[in-house]
Amino acid sequence: MTQTPSFRDVEKLSAYLDGQLKPSEKARLESRLQSDPEFASILKELRQTRGLLRQLPQRRAPRNFTLTPKMVGQKPPLPRTYPAFRFATVLATLLLFFTFATNFMAPRLTRSATAPFAYGMGGGGGGAETEMQSATEEAAQPALEMPAIEEPAVPGTPTPFATLVEPSAQNSTRIEPTLQTSDKSGVQEAPTNDTFAQRIPEEEPEQVRTPAPPVSAPVQIALGVIAALSALVAFILRTTAIRKWRAKPK
Amino acid sequence: MDELALINEAQRGDLDSFNTLVLTYQDVLFNTALRIMGDEESAADATQEAFLSAFRAIKSYRGGSFKAWLLRTVTNACYDELRRQKRRPSVPLEPETDDGEEMETPRWLADPSLSPEEEAETDELEHAIQHCLEALPLEFRSVVVLTDLQGMDYKEVAVAVRVPLGTIKSRLARARLRLRECLQGFWELLPASFRLEEEIIRT
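Line order of the protein sequences matches chains A and B.
Residue 1440 is where the first sequence starts when you use the numbering used here, and the numbers rise one by one after that.
Residue -16 is where the second sequence starts when you use the numbering used here, and the numbers rise one by one after that.
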């Protein structure tokens, strides 16, 4: 039935059906259609098949496919001040966290040379606190590791360093490595620490200090209030903007 | 507002203008997806996805038939959806219950796409045609759907499915032949003229 004409012929018949043949090709095919009943038969089959497909009912869309701003990731235009308040909230919260961290860490690192240093710097701004925090942390970390190495060396062969801080060794063994590492690490505050370290044992050798927290409560309260207020303002700005945007007549 | 103005507005990010276009073309896109996918739910998903990607890519529209451009996005969405379904088949291949035991009743053998009620509602000939369409390879199916169901010309289809014009001609002829062959299996459903011709050929 459809075997005799080649697939190339069927392709041409199909294109002819859709009016897609060049005039020359069309004329040639039309003459073939007249002489060859099989060509005519195939054309009829193709036409009927196409007719059946065209008969398929067009369905209505089951719902509307309109897009919402959320779907396309559109956001309402927020006031210019909004990011400022949001940034203030984040900053105040972070600073508040650092003040807590500083107050928590400071007593553990005091009774050492860092205490007066921390005490002196306590009133400074957030940046200074952060710096101090990292400086003390740097100093504290090797402090835990060093004694194991240093201790056996101290009684046997007293190094120049050991003799230098000998009086303070009675207070706490932790001081030595702390001082040594801060001295070697080249942190900016290191010379200051060193001078303190040399003075402390002479001035107040036996006194146990209980320093006040580096950051006072009013500062913390102020930071908390700033964080809460700026968060509230940012929230109000945002909700108002969204409400206005939604109510906007389209 | 005419279509071009709406498109221009949409290209500037105006969602309302785009949604007006959505309402104009959603039936066309849904029907195309329905014939390619075979079931309404997947077709609706593909249509939604198509409009979404059309909005995102609307700046890349550079004139020509907007309908053809949209049909290209829906064809792509259908391909993606079918690929996704292939990766995660929703109908289990093994006749097992949730507990992992073999099912005693051959209920799983039933065609999951049609419930008895749906079957009664569905026009049987439409069902037969859809069945034969789904038996076609995807690249043939999309070409025949775009040409014969949506009435696009060869050039538009070539753009829509991104293949050369010659390939469109060849795929369309092959698809029509295969459909014709497949539809012979639904002899009793075919219109009288269709059957008559077949009888003549048989004798």
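Derived from the structure by calculation, the hints contain no laboratory data.
All of these numbers come straight from a predicted model, not from anything done at the bench.
Treat the hints loosely; a few may be bogus.
Below, a list of computed lysine to aspartate or glutamate pairs in the DMTMM-like style, where the Cα atoms sit at most 20 angstroms apart [claimed, not checked]:
#1 Lys1509/A with Asp136/B
#2 Lys1509/A with Glu32/B
#3 Lys1483/A with Glu1464/A
#4 Lys1683/A with Asp(-1)/B
#5 Lys1509/A with Asp28/B
#6 Lys138/B with Glu1464/A
#7 Lys1514/A with Glu(-14)/B
#8 Lys1465/A with Asp1475/A
#9 Lys42/B with Asp(-1)/B
#10 Lys1509/A with Asp1475/A
#11 Lys50/B with Glu107/B
#12 Lys1683/A with Asp(-3)/B
#13 Lys42/B with Glu(-8)/B
#14 Lys42/B with Glu32/B
#15 Lys1514/A with Glu122/B
#16 Lys1461/A with Asp1448/A
#17 Lys42/B with Glu122/B
#18 Lys1509/A with Glu(-14)/B
#19 Lys1465/A with Glu171/B
#20 Lys138/B with Glu1469/A
#21 Lys50/B with Glu(-14)/B
#22 Lys69/B with Glu32/B
#23 Lys138/B with Asp1475/A
#24 Lys1514/A with Asp10/B
#25 Lys138/B with Glu117/B
#26 Lys50/B with Asp106/B
#27 Lys1461/A with Glu164/B
#28 Lys1509/A with Glu(-8)/B
#29 Lys42/B with Asp10/B
#30 Lys69/B with Glu23/B
#31 Lys1509/A with Glu1469/A
#32 Lys1483/A with Glu1469/A
#33 Lys1483/A with Asp(-3)/B
#34 Lys50/B with Asp136/B
#35 Lys69/B with Asp136/B
Hints, one by one, checked against the model:
Distance hint between Lys1509/A and Asp136/B is unfulfilled; the C-alpha atoms sit about 36 angstroms from each other, more than 20 angstroms. For the suggested pair Lys1509/A and Glu32/B, the alpha carbons sit about 14 angstroms apart, so the restraint of at most 20 angstroms is met. For the hint linking Lys1483/A to Glu1464/A, the alpha-carbon distance of about 19 angstroms falls within 20 angstroms, and the restraint holds. Only pairs whose Cα atoms come within 20 angstroms are accepted, and Lys1683/A paired with Asp(-1)/B is accepted, the gap being roughly 17 angstroms.
Between Lys1509/A and Asp28/B, the direct Cα distance comes to roughly 17 angstroms. Compliance with the 20 angstroms bound is thereby established for this hinted pair. Annotation: proposed proximity of Lys138/B to Glu1464/A holds, straight-line Cα distance about 18 angstroms (limit 20 angstroms). For a cut-off of 20 angstroms, the pair hint linking Lys1514/A to Glu(-14)/B is broken: about 26 angstroms separates their Cα positions. A C-alpha spacing of about 15 angstroms is found between Lys1465/A and Asp1475/A, which places the hinted pair at or below 20 angstroms, so the restraint holds.
The hinted pair formed by Lys42/B and Asp(-1)/B meets the criterion: a straight-line CA distance of about 16 angstroms does not exceed 20 angstroms. A hinted pair counts as satisfied when its Cα atoms are at most 20 angstroms apart, and Lys1509/A with Asp1475/A does not qualify at roughly 62 angstroms. Under the criterion of a C-alpha separation no larger than 20 angstroms, the hint pairing Lys50/B with Glu107/B is inconsistent with the structure, at around 30 angstroms. At roughly 17 angstroms between alpha-carbon atoms, Lys1683/A and Asp(-3)/B fall within 20 angstroms of each other, so this suggested pair holds.
This hinted pair checks out: Lys42/B and Glu(-8)/B have alpha carbons roughly 11 angstroms apart, not beyond 20 angstroms. About 17 angstroms separates the Cα atoms of Lys42/B and Glu32/B, which keeps this hinted pair within 20 angstroms; it holds. In summary, the hint linking Lys1514/A to Glu122/B is not supported, as the alpha carbons are separated by about 39 angstroms, beyond the 20 angstroms threshold. Of the pairs offered as hints, the one joining Lys1461/A and Asp1448/A holds, with about 14 angstroms between alpha carbons and a cut-off of 20 angstroms not exceeded.
Taking the CA atoms of Lys42/B and Glu122/B, the gap is about 27 angstroms. The hint is violated against a cut of 20 angstroms. With a C-alpha separation of about 24 angstroms, the suggested pair Lys1509/A and Glu(-14)/B falls outside the 20 angstroms cut-off, and the hint is violated. A C-alpha spacing of about 35 angstroms is found between Lys1465/A and Glu171/B, which places the hinted pair above 20 angstroms, so the restraint is violated. For the hint pairing Lys138/B with Glu1469/A, the CA-to-CA distance comes to about 23 angstroms; that exceeds 20 angstroms, so the pair is violated.
For the proposed pair Lys50/B and Glu(-14)/B, the alpha carbon gap of about 11 angstroms is at most 20 angstroms, so the pair holds. A distance of roughly 18 angstroms separates the Cα atoms of Lys69/B and Glu32/B; the hinted pair therefore holds under the 20 angstroms criterion. Between Lys138/B and Asp1475/A the CA atoms are separated by roughly 30 angstroms; this puts the pair beyond 20 angstroms, and the hint is violated. Distance restraint check for Lys1514/A and Asp10/B: the Cα-Cα separation of roughly 29 angstroms exceeds the 20 angstroms cut-off, and the hinted pair is therefore not satisfied.
Taking the CA atoms of Lys138/B and Glu117/B, the gap is about 24 angstroms. The hint is violated against a cut of 20 angstroms. Distance restraint check for Lys50/B and Asp106/B: the Cα-Cα separation of roughly 28 angstroms exceeds the 20 angstroms cut-off, and the hinted pair is therefore not satisfied. For the given pair, Lys1461/A sits about 28 angstroms from Glu164/B by alpha-carbon distance, which is inconsistent with the 20 angstroms threshold. With a CA separation close to 19 angstroms, the supplied pair Lys1509/A and Glu(-8)/B stays within the 20 angstroms bound.
A distance of roughly 23 angstroms separates the Cα atoms of Lys42/B and Asp10/B; the hinted pair therefore is violated under the 20 angstroms criterion. Taking the CA atoms of Lys69/B and Glu23/B, the gap is about 17 angstroms. The hint holds against a cut of 20 angstroms. At most 20 angstroms may separate the alpha-carbon atoms for a hinted pair to count; Lys1509/A and Glu1469/A exceed this at roughly 57 angstroms. A threshold of 20 angstroms between alpha carbons decides the hint, and for Lys1483/A with Glu1469/A the separation of about 13 angstroms falls inside it, so the pair holds.
Only pairs whose Cα atoms come within 20 angstroms are accepted, and Lys1483/A paired with Asp(-3)/B is rejected, the gap being roughly 49 angstroms. At roughly 12 angstroms between alpha-carbon atoms, Lys50/B and Asp136/B fall within 20 angstroms of each other, so this suggested pair holds. For the hint linking Lys69/B to Asp136/B, the alpha-carbon distance of about 30 angstroms lies beyond 20 angstroms, and the restraint is violated.
The earlier numbered hints that this structure contradicts are 1, 7, 10, 11, 15, 17, 18, 19, 20, 23, 24, 25, 26, 27, 29, 31, 33 and 35.
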